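Each chain, letter by letter, is given below.
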Amino acid sequence: MSASEIIEEAKKLNEKFNFFITLEAPREGIPIAFKDNICTKGIKTSAGSKILEPYVPPFDATVVERLKAKGFSVLGKTAMDEFGFGTFCVNTFRVPKNPHDPKRACGGSSGGSAGYIAASKLAKFAIAQSTGGSISAPASFCGVVGLTPTYGRVSRYGLIDYANSLDKIGVVAKTVRDASKALEIISGPDNKDETCQGAQFKDPPALSKKITIGIPKEWLAQKIDPDVRKAFDEAVKKLETAGMQIKEISIPSTPYALAAYYIIALAEASTNLAKYCGLRYGATLPLEGGGEFWEYFSKVRGKYFGAEAKRRILLGTFVRMAGYCDKYYIQAQKVRQLLINDFKKAFKEVDIIAAPTMPIIAPTFDEISKLTPIEEYSMDVLTVPANVAGIPHLSIPCGTAKGMPVGLHLMADHNNDELLVQVGEKYG
Amino acid sequence: MDEPIDKLARIARLELTKEERDKFAKDLDGILKAFDIIAKAPTKGIKPATHAVPLKQMGRKDVVAESMSRDEALKNTEHKEDGFVKGPPTK
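So the sequence lines, in the order shown, correspond to chains A and B. When you line the first sequence up against the numbering used here, it's residues 5 to 432, in that order. When you line the second sequence up against the numbering used here, it's residues 25 to 115, in that order.
Since the hints were made in silico from the structure, they are not lab data. Quick caveat, the model's predicted, so the values are computed rather than measured. Don't take each hint at face value.
Straight-line Cα separation of at most 20 Å, SDA-like style, residue types lysine to any residue; simulated pairs [said to hold, decoys possible]:
| id | chain 1 | residue 1 | chain 2 | residue 2 |
| --- | --- | --- | --- | --- |
| 1 | B | 50 | A | 253 |
| 2 | A | 331 | B | 54 |
| 3 | A | 251 | A | 226 |
| 4 | A | 221 | A | 253 |
Computed footprint of chain A on chain B; a stretch qualifies when at least three of its residues, placed anywhere within it, have a C-beta under 8 Å from a C-beta of chain A [what the hints assert, rightly or not]:
| id | region |
| --- | --- |
| 5 | 26-40 |
| 6 | 50-59 |
| 7 | 64-74 |
| 8 | 78-88 |
| 9 | 94-101 |
Just so you know, even glycine gets a beta-carbon here, dropped at the ideal spot from N, CA and C.
Here chain A stands alone, though its shape is the one from the complex (with noise of 0.2 Å):
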């Protein structure tokens, strides 16, 4: 396959489907694509939202740069919530259509990545980035794998930040091997970024030790669509066939989870979204005097920020005021530590811990459109575990619900990266 007939299936799909934000021509190297938060050098760089549209950042991420050194080159900047707010890739001026149906989201963030590499016939992996599950909501809406590494194994210099405790860049691919490989080029220490230090990912031989594979109780008794239920159930009794021990467990911290995540990743998004202020890049408004200083700032985000963007922002802003930090931003960081306590026990009597990736298929538009924000975030009860803990998960497709893509979400213990690849390949 050549450069050309990559970037000409990148046109026609994007026609049909809104995958990129920006679709460039490279004439070297092979093209893949990079999720919108990711910057490139020359090339615009909005993380999905209007107050950085114009940006064109003037340096590469590191991942980019690893990519480019190994013979890559970027096809274009794919589709996204606004600065990863979202769970539908729906917060955003250009929303992906879900390829198996149109009428569906790809789920978010990284929609537009999952998207395209569910489309393609080319493609074998792009880049993505998870905050609280957005590799692995959209891999399993749109049924491709999706690896989330261990926090820490992949630098984010020239990552958008949405909360830098929390962000990860990870993969989105065909196969769980064409995700392992990519990996291993973009993973390892970069002196760039000081929580850059876990070691350089290798792409694993097949597996050779028994696994025991646990299964949360708490987790399965969210409300879950039955049909996904039935296809996980599925996808278990295919982990036991090729020999795996399944046993349940129990994560007790599980009903803090969610609201612990949202606190964190909020608190640390309000103070990241506060360098846009209409003045060193992005969006601006003609310096009209005569205010205080920070009136012009205000005027800049309200026109350009989008609504979940400021919701956002005034809640993260909210849960760190004096009067309410203990309550809220310091409470959530301690059920962080009760959260990775859980998973340490479990990860003592289990290899791998297993449960569906999301509780629905990927909704339709309108039935996005009638969620409140809490019934939203809600449908990330089954990824933000993983994703406060930091530990690395891995979304496979897992058969269908209702004609629609399922995704088996199995998770491994911090830097256990190379295990969670090979028990997923060994699930095929």
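Put chain B on the given structure of chain A with help from the hints.
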């Protein structure tokens, strides 16, 4: 006297329309009520985790390296003068 939502919007540097202000006030109320569940978590004696994995103090050698030129750094704004970013005039 400001309502809490007005104070919050001012601190967050967000100019909101009347419709947005009313909608967000209602949304925040519902969302914060849902967040209140974390008060029930058994966190006595648990230290807050700022990160999911333990991090070492990192440093790099103090050597001069190439950095972005001023022109490049200013390329993304129209509000500039004499090599500086230009802010709004104030009273």
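Each hint, compared with the structure:
Distance restraint check for residue 50 of chain B and residue 253 of chain A: the Cα-Cα separation of roughly 38 Å exceeds the 20 Å cut-off, and the hinted pair is therefore not satisfied. A distance of roughly 17 Å separates the Cα atoms of residue 331 of chain A and residue 54 of chain B; the hinted pair therefore holds under the 20 Å criterion. At roughly 18 Å between alpha-carbon atoms, residue 251 of chain A and residue 226 of chain A fall within 20 Å of each other, so this suggested pair holds. The suggested pairing of residue 221 of chain A with residue 253 of chain A holds, with an alpha-carbon distance near 6 Å, which does not exceed 20 Å.
With 10 residues bearing a CB less than 8 Å from a CB of chain A, the region 26-40 of chain B meets the requirement of three and the coverage assertion stands. Beta-carbon proximity to chain A at under 8 Å applies to 7 residues in the region 50-59 of chain B; the threshold of 3 is reached and the given coverage holds. Judged by the Cβ-Cβ criterion of 8 Å, the region 64-74 of chain B is covered by chain A as claimed, because 9 of its residues qualify and three suffice. Three residues within the 8 Å Cβ limit are the bar, and the region 78-88 of chain B against chain A gives 4, so the coverage statement holds.
Against chain A, the region 94-101 of chain B contributes 5 residues with a C-beta closer than 8 Å to a partner C-beta. That satisfies the three-residue criterion, and the hint holds.
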